[in-house]
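Chemist: Model the full structure from these sequences, guided by the hints.
These protein sequences, in sequence, are chains A and B.
With the first letter of the first sequence counted as 1, position 235 gets the number 234 in numbering that gives the first Met the number 0; the numbers rise by one all the way through.
With the first letter of the second sequence counted as 1, position 220 gets the number 219 in numbering that gives the first Met the number 0; the numbers rise by one all the way through.
Calculated directly from the structure, the hints in this document are not laboratory data.
Backbone N, C-alpha and C define an ideal beta-carbon position, used for all residues, glycine too.
Do not rely on the hints blindly, as some may be mistaken.
Claimed, not checked - Now the stretches of chain A that chain B is said to cover, found in silico as 3 or more residues with beta-carbon under 8 Å: (1) 135-144; (2) 151-163; (3) 236-245.
Unchecked claim - Pulled from the structure, derived: some chain A residues nowhere near chain B, Cβ distances all over 10 Å: (4) V61; (5) F88; (6) V114; (7) V122; (8) L128; (9) I132; (10) T190; (11) G191; (12) I272; (13) L309.
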Amino acid sequence: MAQVFSSHRTGVPSTVVERKNMIPAISPTIFLNLLFNGFFLGSIYALVGAGLTLVFGVTRLVNFAHSILMVSAMYFTYYMWSVLGLEPFLLLPVSFTLFFIVGFAIYRFLVKFVVDKPFSSQVLTTLGLLLIIQYSIVMLWTSNTYTVNSPWRDIVFRLDGVFVSLPHLATFSATLAISVLLYYFLKNTYTGRAIRATAQDPEAAKILGIEPDYVYSISLGLGTGLAAVAGNMLAMSYSIDPYIADVFLVMAFVVIIMGGMGNYMGAIMAGYIIGMIEVFTAFLFMPLLKHAVPLLLLILILIFKPEGLLTKRLRD
Amino acid sequence: MKPEKKSNLLKIIALVVVVAVAAAVALVFFGGVVQPTSTTRVEEVRIGVLTPLSGGAAYFGEGQKAMAELMAKKVNSEGGIKSLGGAKVRVIVADTEGKPEVGKAQAARLINEEKVHLIIGALHSGVTSPASIEAERAGIPWICETSSHPELTKRGFKWFFRVWGHDEIFARQYFELLKDLQQEKGVKFNTIAFVSEESLFAIGVRSEWEKLNLDPNIGGYRVVARVNHPSGVKDLTSEALILKQANPDIVLMVNTPIPDAILWTQTLKRVDFFPKVLMTTGGFSFKAYIDGVGADSNYIIGRGAVSMDMFTNRPAAKEVYDWFTRETGKEFHVYVATMYTAMLVAIDSLERAGSVEPEKLRQAIADTNLPAEKMVLPWQGVKFDSTGQNVYAVDPMSQIINGEFRIVWPKSSRVIEPVFPAPSWKERT
Numbered sequence: 000m001a002q003v004f005s006s007h008r009t010g011v012p013s014t015v016v017e018r019k020n021m022i023p024a025i026s027p028t029i030f031l032n033l034l035f036n037g038f039f040l041g042s043i044y045a046l047v048g049a050g051l052t053l054v055f056g057v058t059r060l061v062n063f064a065h066s067i068l069m070v071s072a073m074y075f076t077y078y079m080w081s082v083l084g085l086e087p088f089l090l091l092p093v094s095f096t097l098f099f100i101v102g103f104a105i106y107r108f109l110v111k112f113v114v115d116k117p118f119s120s121q122v123l124t125t126l127g128l129l130l131i132i133q134y135s136i137v138m139l140w141t142s143n144t145y146t147v148n149s150p151w152r153d154i155v156f157r158l159d160g161v162f163v164s165l166p167h168l169a170t171f172s173a174t175l176a177i178s179v180l181l182y183y184f185l186k187n188t189y190t191g192r193a194i195r196a197t198a199q200d201p202e203a204a205k206i207l208g209i210e211p212d213y214v215y216s217i218s219l220g221l222g223t224g225l226a227a228v229a230g231n232m233l234a235m236s237y238s239i240d241p242y243i244a245d246v247f248l249v250m251a252f253v254v255i256i257m258g259g260m261g262n263y264m265g266a267i268m269a270g271y272i273i274g275m276i277e278v279f280t281a282f283l284f285m286p287l288l289k290h291a292v293p294l295l296l297l298i299l300i301l302i303f304k305p306e307g308l309l310t311k312r313l314r315d
Numbered sequence: 000m001k002p003e004k005k006s007n008l009l010k011i012i013a014l015v016v017v018v019a020v021a022a023a024v025a026l027v028f029f030g031g032v033v034q035p036t037s038t039t040r041v042e043e044v045r046i047g048v049l050t051p052l053s054g055g056a057a058y059f060g061e062g063q064k065a066m067a068e069l070m071a072k073k074v075n076s077e078g079g080i081k082s083l084g085g086a087k088v089r090v091i092v093a094d095t096e097g098k099p100e101v102g103k104a105q106a107a108r109l110i111n112e113e114k115v116h117l118i119i120g121a122l123h124s125g126v127t128s129p130a131s132i133e134a135e136r137a138g139i140p141w142i143c144e145t146s147s148h149p150e151l152t153k154r155g156f157k158w159f160f161r162v163w164g165h166d167e168i169f170a171r172q173y174f175e176l177l178k179d180l181q182q183e184k185g186v187k188f189n190t191i192a193f194v195s196e197e198s199l200f201a202i203g204v205r206s207e208w209e210k211l212n213l214d215p216n217i218g219g220y221r222v223v224a225r226v227n228h229p230s231g232v233k234d235l236t237s238e239a240l241i242l243k244q245a246n247p248d249i250v251l252m253v254n255t256p257i258p259d260a261i262l263w264t265q266t267l268k269r270v271d272f273f274p275k276v277l278m279t280t281g282g283f284s285f286k287a288y289i290d291g292v293g294a295d296s297n298y299i300i301g302r303g304a305v306s307m308d309m310f311t312n313r314p315a316a317k318e319v320y321d322w323f324t325r326e327t328g329k330e331f332h333v334y335v336a337t338m339y340t341a342m343l344v345a346i347d348s349l350e351r352a353g354s355v356e357p358e359k360l361r362q363a364i365a366d367t368n369l370p371a372e373k374m375v376l377p378w379q380g381v382k383f384d385s386t387g388q389n390v391y392a393v394d395p396m397s398q399i400i401n402g403e404f405r406i407v408w409p410k411s412s413r414v415i416e417p418v419f420p421a422p423s424w425k426e427r428t
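Modeler: Given below as structure tokens:
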């Protein structure tokens, strides 16, 4: 039993704690469980980060309201489940479409007016939007915690001590599918190419007949749609309250900086890296460090590779 | 320096000295007159309430705010504070956001700008600790309703009172329950694990548990794992796997946020581990937690839950419970109950003091002696010791059975047979 913990995790008298190994043993079963869990957590980070970075890459707008839009999608999922009995899995396309429209509208009615303005105006606008949505939720539904108690949530596939829950598997699959679809969309469709052209040079794109407002609103729609997918998936495995947005906002920024600001594939890769780091740090060293280690890595990246892990940008 | 200038300077210094001496004499002789006394007519009594209304603990704060305001409304509708000529009670609620620096700034604002006569607050030990320094400096009484970190009443503060118990007292209950139930059921547990998040409250509780476990007469269980994790986490699988691999008989877990408590339960189920006894405090003690996980909440033992068993044979307490839930529609959780008690102490003290003069009010609070019949929780009453700690606060231990908090310890208060040891996840299906 002694290999499970070590006194460096504890800081208590050594008479109580057996010190045989400083690093706990990790069996293949545990390793696989951690790996699968890293994929789940990474998927959430990847989805949140990818949406944020897509918006930034095209519009150069840092959208602080991104995480609260994800939380709004969680509330939407909860209400669709509790009122209409719709399973979160089935809601995925609905959530994406609805929040695509929300993102589109946010651009047309709000962000459009600050997209050319100084950075401080953009920050205040999106931060203001975050607070408006957050406190509207508090006013409408108080700060109560809600949970989607779907029977699907409890389905766990087990094999020789290795387990994967259905919500986790669904989250990973959805992330993979959406990442590939969006990548294809950006590479091979007219709108996708227009988005990349605008990201590369907005003026040149405009001369070629691409309307920036159209591209920007589509981008914000797509980014918000991705956040909604993350929220939809997360609602199955995480309880909902208005303040969990804060938990994700910080990590979303770590993801997009690590992946290279505006780099779609970089954000997805960074999401998985951070997910894995969190999961393995918590098990092997100390759960308290699991948020600190990704931040430490971020500092190192900012020093040695400030352009991010992947330098190839969305526009390329 | 020219002689003329020198003489002018001397004149100025002399004038300043004379004015200063005159002011000091005036203060000594007339100072008492300008301070409010029992004969001064008081229009209203301002009670500052510090509680989190945003952030992860907003759910707790919303209940507290509702209770404080409801109490003020009730007192005012019954004619206000009678010994102050019917002065109305005004509750001024300030949001701490659960953050120490915000709580401290809000306490200063309540004292300096709102001119409150006393403060009740601030739920989180981590907030109460720095914020109450402001009241101590200003000489304003502070009634702490909930914060249970033991150090709070060990600071030698003159103006600080706590109605709720503290974690030294509470921690002992866990080990006493373990001993009693093992004897009763003829089982023996050997290993233990401690789990906590990083708030001052959680750290305080965990260190008290660990201290007690070092004493073989109280604890003496072999520690096989310690899991300290950040609060507000998104995933606890690694932490649950640490527990599963260590396989302790007993897990003592402290987690403040309700989402964390829900996530812990879901994750333990997913990794297929449940210890022989899981004892908790914090977010596990609320109805929202049971609603969140349903039947998976069963068999968890803990303190701090408001159990309907507490109202058996205590109609006055049940009346308070019904009144609050009827008027506000909110959950009557333990922090609502502690806010009720703190407001009760404040109003009782104001009546006895017959004054809002800080020292008189402080003395009245110190002399508080409220009987058990007035308590909404099954306490023996409120009476403060020399450190400002209520000596009568107790917290019965309950177990969640069939989705309800049922009192199982102390045995004298037991209403249902505890399920001990708890069945594993497999045994439940």
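Chemist: For each hint, tell me whether it holds in the structure or not.
Modeler: The hints, checked one at a time:
no.: 1; hint: 135-144; result: holds (count 5)
no.: 2; hint: 151-163; result: holds (count 5)
no.: 3; hint: 236-245; result: holds (count 8)
no.: 4; hint: V61; result: holds (22 Å)
no.: 5; hint: F88; result: holds (18 Å)
no.: 6; hint: V114; result: holds (30 Å)
no.: 7; hint: V122; result: holds (20 Å)
no.: 8; hint: L128; result: holds (17 Å)
no.: 9; hint: I132; result: holds (14 Å)
no.: 10; hint: T190; result: holds (33 Å)
no.: 11; hint: G191; result: holds (31 Å)
no.: 12; hint: I272; result: holds (15 Å)
no.: 13; hint: L309; result: holds (24 Å)
Hint compliance for this structure: no hint is broken.
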